[in-house]
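Novice: Listed in order, the protein sequences are those of chains B and P. Going by our numbering, the first residue of the first sequence is number 7, and it counts up by one from there. Going by our numbering, the first residue of the second sequence is number 162, and it counts up by one from there.
Quick caveat, the hints were computed from the structure, so don't treat them as lab data. We treat Cβ as the ideally placed atom computed from N, Cα and C, and that holds for glycine. Just to be clear, a hint being listed does not mean it is correct.
[Said to hold, decoys possible] Where chain P lies over chain B, by a calculated footprint (3+ residues, C-beta under 8 Å):
| hint | segment |
| --- | --- |
| 1 | 424 to 432 |
| 2 | 613 to 624 |
| 3 | 629 to 642 |
| 4 | 774 to 788 |
[As the list claims (entries may be wrong)] 30 Å max Cα-Cα, derived BS3-like pairs, lysine-lysine:
| hint | chain 1 | residue 1 | chain 2 | residue 2 |
| --- | --- | --- | --- | --- |
| 5 | B | Lys-310 | P | Lys-313 |
| 6 | P | Lys-313 | B | Lys-457 |
| 7 | P | Lys-313 | B | Lys-780 |
| 8 | B | Lys-343 | P | Lys-313 |
| 9 | B | Lys-372 | P | Lys-313 |
| 10 | P | Lys-297 | B | Lys-372 |
| 11 | P | Lys-268 | B | Lys-457 |
| 12 | P | Lys-313 | B | Lys-124 |
| 13 | P | Lys-313 | B | Lys-297 |
| 14 | B | Lys-159 | B | Lys-310 |
| 15 | B | Lys-370 | P | Lys-268 |
| 16 | P | Lys-268 | B | Lys-456 |
| 17 | B | Lys-456 | P | Lys-313 |
| 18 | P | Lys-313 | B | Lys-370 |
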Amino acid sequence: MTNSWTDIKNTDLVVIMGGNAAEAHPCGFKWVTEAKHHRGAKLIVVDPRFNRSASVADYYAPIRPGSDIAFLMGVIRWCIENDRVQWDYVRNYTNVSHLVREDFGWADGMFTGYDAEKRSYDQTSWEYQIGEDGFVLTDETLEHPRSVWQLLKQHVEVYTPEFVENTCGTPKDRFLKICEMIGETSAPDKAMTSMYALGWTQHSKGAQNIRGMAMLQLLLGNIGIAGGGMNALRGHSNIQGLTDVGLMSNLVPGYLAMPRETEADFTTYMSTRGNKPLRPNQMSYWQNYGKFMVSFLKALWGDKATAGNGWGYDWLPKLDIVQYDAMRMFDMMKNGKVNTYFFQGFNALLSFPNRAKMTEAFSKLKLMVVMDPLATETASFWENHGIYNDVDSASIQTEVLELPTTCFAEDEGATVNSGRWLQWHWAGATPPGEAKSDVWIMSQIYLRVKKLYEEEGGTAPEPILNLSWDYENPEEPMPSELARELNGRALETLYDPADPTKVVLEAGQQLSGFGQMRDDGSTMGACWIYAGCWTEAGNMMARRDNSDPSGMGIFQNWSFAWPANRRVLYNRASCDPDGRPWDPNRTLIEWNGEKWAGADVPDIAVTAKPREVGPFIMNPEGTGRFFSRRLMRDGPFPTHMEPFESPMANPLNPEMRGNPVARVFADDLEKMATSAEFPFVATSYRLTEHFHFWTKHNRVNSVTQPEFFVEISKELAAEKGITKGTRVRVWSARGEIWAKAVVTKRIQPLICDGKPVHIIGIPIHWGFKGAARKGFGSNTLGPFVGDANIETPEFKAYLVNIELVEGNA
Amino acid sequence: MNIDLSRRSFLKLTGAGVAATSLGAMGFGQAEARVAAHVRGFKLVTTTETRSTCTYCSVACGIILYSKGDLAAGETAELSHVEGDADHPTNRGTLCPKGAALRDYVKAETRLTHPRYRAPGADRFTEISWDEALDKIARAVKEDRDANLIEKNADGVTVNRLTTTGFLAASATTNETAWATWKVVRSLGIVGFDNQARV
Chain B
7 MTNSWTDIKN TDLVVIMGGN AAEAHPCGFK WVTEAKHHRG AKLIVVDPRF NRSASVADYY
67 APIRPGSDIA FLMGVIRWCI ENDRVQWDYV RNYTNVSHLV REDFGWADGM FTGYDAEKRS
127 YDQTSWEYQI GEDGFVLTDE TLEHPRSVWQ LLKQHVEVYT PEFVENTCGT PKDRFLKICE
187 MIGETSAPDK AMTSMYALGW TQHSKGAQNI RGMAMLQLLL GNIGIAGGGM NALRGHSNIQ
247 GLTDVGLMSN LVPGYLAMPR ETEADFTTYM STRGNKPLRP NQMSYWQNYG KFMVSFLKAL
307 WGDKATAGNG WGYDWLPKLD IVQYDAMRMF DMMKNGKVNT YFFQGFNALL SFPNRAKMTE
367 AFSKLKLMVV MDPLATETAS FWENHGIYND VDSASIQTEV LELPTTCFAE DEGATVNSGR
427 WLQWHWAGAT PPGEAKSDVW IMSQIYLRVK KLYEEEGGTA PEPILNLSWD YENPEEPMPS
487 ELARELNGRA LETLYDPADP TKVVLEAGQQ LSGFGQMRDD GSTMGACWIY AGCWTEAGNM
547 MARRDNSDPS GMGIFQNWSF AWPANRRVLY NRASCDPDGR PWDPNRTLIE WNGEKWAGAD
607 VPDIAVTAKP REVGPFIMNP EGTGRFFSRR LMRDGPFPTH MEPFESPMAN PLNPEMRGNP
667 VARVFADDLE KMATSAEFPF VATSYRLTEH FHFWTKHNRV NSVTQPEFFV EISKELAAEK
727 GITKGTRVRV WSARGEIWAK AVVTKRIQPL ICDGKPVHII GIPIHWGFKG AARKGFGSNT
787 LGPFVGDANI ETPEFKAYLV NIELVEGNA
Chain P
162 MNIDLSRRSF LKLTGAGVAA TSLGAMGFGQ AEARVAAHVR GFKLVTTTET RSTCTYCSVA
222 CGIILYSKGD LAAGETAELS HVEGDADHPT NRGTLCPKGA ALRDYVKAET RLTHPRYRAP
282 GADRFTEISW DEALDKIARA VKEDRDANLI EKNADGVTVN RLTTTGFLAA SATTNETAWA
342 TWKVVRSLGI VGFDNQARV
């Protein structure tokens, strides 16, 4: 989230698209209710199903799964055509005036530079025109044919209301009504918030869905303001934190990058990360990258990291490809190239697509290690459970170790909510039996492996032997010790660079913010964006002052929000170019003649004069991007792409299948079907009574939603002779499931490309372990393909067939 | 309404012991005796309260854990009740159907309590000691790493990359667990490393 849950109360319009907050995030959704009742805010829901959020919406429109980009580009087109643009914002804070290279172009749904063989674009042309002074060329009149503004207008021209209706199945009148409602928030004193979740991410072009809305929000001037923003409703209690701390193949904590093998040493690694400003006066905050990276390496290797050895850079693993994401690893596993896999609180057998492939992959492992509070399907993938897990145990040679861990009630530490609040919690229960904390288990594995290397030697022992493990009890570091490392501390006395007689921090003192980090080895800090979470004043994450003097839901003294305890990102953009709030009734910060100040922590240098420094300080341009340069693999503008399995051809280019740059493994391509054989669109969803695959272990939740079902329209039911409560079989090119049929009016057939499209809703929550009845999930059927940028599986739109079957439902 | 009844509901709400004292000071001494004779004390009065955060979605509702026994005082603590934290700015005490049943997750019959091992071809788990399990893991990790770690690539660049062992991390653990996990996993050279954000 750019904003926070409690900030939603400041909005005038909520758009829930790509999510279902009333169902999946009920206690956060209350802030939508608050805005409706106290501000008269409106709620729009766009979703394939008339879901729980839709049932309390002011306006609803259906949409075919996987066609969100067409819808969003259509809204942008309508806003431009009808002059619903926050012009002062767009002109001053976005890159509309920047000129793009002459050789960049877009035709037939593709950008320049496509290489079909490599399934990749040569992105050379996707760049600004840079002047001799090193700055981007601009045309403030926006008339220049190569200006981002003119290119954007051209790009969205095709997305007429008729195109949207034909592609998305959204009736034109509904689409236009939504355009009008959204367009009203282009007024400087109106705010719209976007609330989305996996309904946007789980597509082969998920990241472009989100960019589509982010661009619309820039057009309307809704980024950085109270009640505005792009608000990802994250699914797990600490999925934000795990990502912040860089537990992803390609990440170092704080969104720094894992080195590539083409970056042979630290100097080479840093050489492309200078982040020189692309326009005059801009902060281009990533210029500080080196300070964050060196502080991180000091946290990782301690005294072993020195200027002489490039801060221990050699000991980090180097990637030879973009990333070894989970689906790639499972594909390698299936091909016998992986021996050992750890699953820490991750029920992968139910989480990744094409479950048969997952089972085959797991069966090729030598050793599977599962750490979990609960008995998971993953740990028991080799158990035969009839149709629910039809395997031959005797033929599976994988050794499995299942390790009992503590759960939240039994541990202490911080988790990060969607609004980036790091909230500390304390242990309130004794772990059951011999369950142990994950920190203890990881420490044991580390110390035992280390001991083996000390005693026996082995391949490249340095990274293991040199890892800093400086804890009071090395067998189980305390949460407070680890949290203090995440924050960082001074390793030597730090003097003020502006006044060398002035001491900023004594050696050993906790940093009070990332501004104190240095690139000379005199500071350490594992995760720069967390600096400030545990200072000399103590554990800021444990703060519980729930007062809110501004009345705007900021709660500045409740926990700690990264970065720098800032609650609304880009909040400089909440003021006009002269530093006056666009809406004085919703002032987050303002320029008081000398500095920026207000209820929130300013997202700009406090003394940066208005009109000199742009609000998007992380970008070297200082502006928000309609044209995203070379930062995304599938294009600098979002373009409509069909799902890999789709009931219709891409109207922009009938030859194009799915996302042309998404990675598809050879045998997975063979298992992708067409609508001739599989005529219906499947989409997965969640239920308010269940959390993923956990609450089926709880009796209470299992009573409220005991049994797996699929949801279909009355029309499809009639066509297939299915009635409410009968048993059906649903199958895709990859697998089959059996379920009870729920026949509803919530799903209705849509007319796309002149033909009816039927949608089948498949909830995800069942398996063969726990207190609920045995069942299936959507992942048995889903295609093994992910988003072209970040490899999130395409669970929200694929093809299936359905039939009535005999027997008990 | 009968005055005794209304006092009783008041006492029930506030906890018999505490309420009796304050009522005594207010001149309700006789009521104390009469009520104490037939009103059971509020159960949660004898429990330890711990502030926590719901472990499900990232609305991250504030919750209060009620346990028999005080963990902080070194006692065994048995979770008996979970409720929404009315002081929390986001949820203001409310919980959804998942959060309201959190106790059932903590106390689920399918919680794991002992390390278990499944041998090749076996159709069941058998219990194993922590020591045995951890030694087995350490040995497997070292063997795989020694055999398959790519120390240098074809160009002679040090890459310390291990692709034959992988790790998926848990998005319900703390930042602190995450950092300890990051350190261990990367020191081994593992590059197949993700969390639930990938799905």
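Novice: Hints first: check each against the structure and report whether it holds.
Specialist: Cross-check of the supplied hints:
no. : hint                     : result
1   : 424 to 432               : holds (count 6)
2   : 613 to 624               : violated (count 0)
3   : 629 to 642               : violated (count 0)
4   : 774 to 788               : holds (count 3)
5   : B:Lys-310 with P:Lys-313 : 21 Å, holds
6   : P:Lys-313 with B:Lys-457 : 24 Å, holds
7   : P:Lys-313 with B:Lys-780 : 48 Å, violated
8   : B:Lys-343 with P:Lys-313 : 19 Å, holds
9   : B:Lys-372 with P:Lys-313 : 25 Å, holds
10  : P:Lys-297 with B:Lys-372 : 12 Å, holds
11  : P:Lys-268 with B:Lys-457 : 36 Å, violated
12  : P:Lys-313 with B:Lys-124 : 26 Å, holds
13  : P:Lys-313 with B:Lys-297 : 27 Å, holds
14  : B:Lys-159 with B:Lys-310 : 54 Å, violated
15  : B:Lys-370 with P:Lys-268 : 34 Å, violated
16  : P:Lys-268 with B:Lys-456 : 35 Å, violated
17  : B:Lys-456 with P:Lys-313 : 21 Å, holds
18  : P:Lys-313 with B:Lys-370 : 27 Å, holds
Figure legend: structure checked against the earlier numbered hints; hints not met, in rising order: 2, 3, 7, 11, 14, 15, 16.
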